[in-house]
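**Q** Sequence:
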Amino acid sequence: MANTEMALKDAMASIEGAVGVALVDYGSGMALGTLGGSSSLDLNVAAAANTDVVRAKLRAMEMLNLQDTIEDILITLGSQYHLIRLLTGRSGHGLFLYLVLDVKRANLAMARHQLKRIEADLEV
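For the sequence shown, my numbering begins at 1 and goes up steadily by one.
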């Protein structure tokens, strides 16, 4: 089992094209941990903003009476992929991993696979 710091380091090291990663509480919008980012990518601001994305999708599912769970949410920009993976483990309820990838260097399928593995090992 990996703690938050180890999981974030694993994501940055094992996912090709990773620009930044955060573990986020979507109840408060606060990042519990971040790694990476840049002057143009403030992961704390992105964490808070993407909390609204998660909440909106959960509301939409409720309104549509969809009895399902969100595995991940993908936002595709011109130069970046933003991947939001909701934690499903007992200790991860209310949390998501947020990963930013460089489109030119990333393999999206492998990134999703690696993020799923990291989530499975994460102990919050």
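Don't read these hints as lab results, they were simulated from the structure.
This one's a predicted model, so the numbers in the text were calculated from it and none came from an experiment.
Careful: at least some of the hints might be erroneous.
Unchecked claim - Dumping the calculated BS3-like pairs for lysine-lysine here, alpha-carbon to alpha-carbon at most 27 Å:
1) K104 <-> K9
2) K116 <-> K104
3) K116 <-> K9
4) K57 <-> K116
As the list claims (entries may be wrong) - Distance ranges between label pairs, derived from CB positions:
5) Q67 <-> R105: 35 to 41 Å
6) S28 <-> I70: 25 to 31 Å
7) L66 <-> S38: 23 to 29 Å
8) A49 <-> T69: 18 to 24 Å
9) D68 <-> L32: 34 to 40 Å
10) A2 <-> M30: 17 to 23 Å
11) L66 <-> S14: 20 to 26 Å
12) L66 <-> V103: 26 to 32 Å
13) M63 <-> E5: 23 to 29 Å
14) L64 <-> M12: 23 to 29 Å
15) K116 <-> L41: 30 to 36 Å
16) L32 <-> K116: 18 to 24 Å
17) G27 <-> V103: 26 to 32 Å
18) A2 <-> A48: 23 to 29 Å
Ideal placement from N, C-alpha and C gives every residue a C-beta, glycine not left out.
**Q** Checked against the structure, which of the hints given earlier come out wrong?
**A** 6, 7, 9, 11, 13, 14, 15
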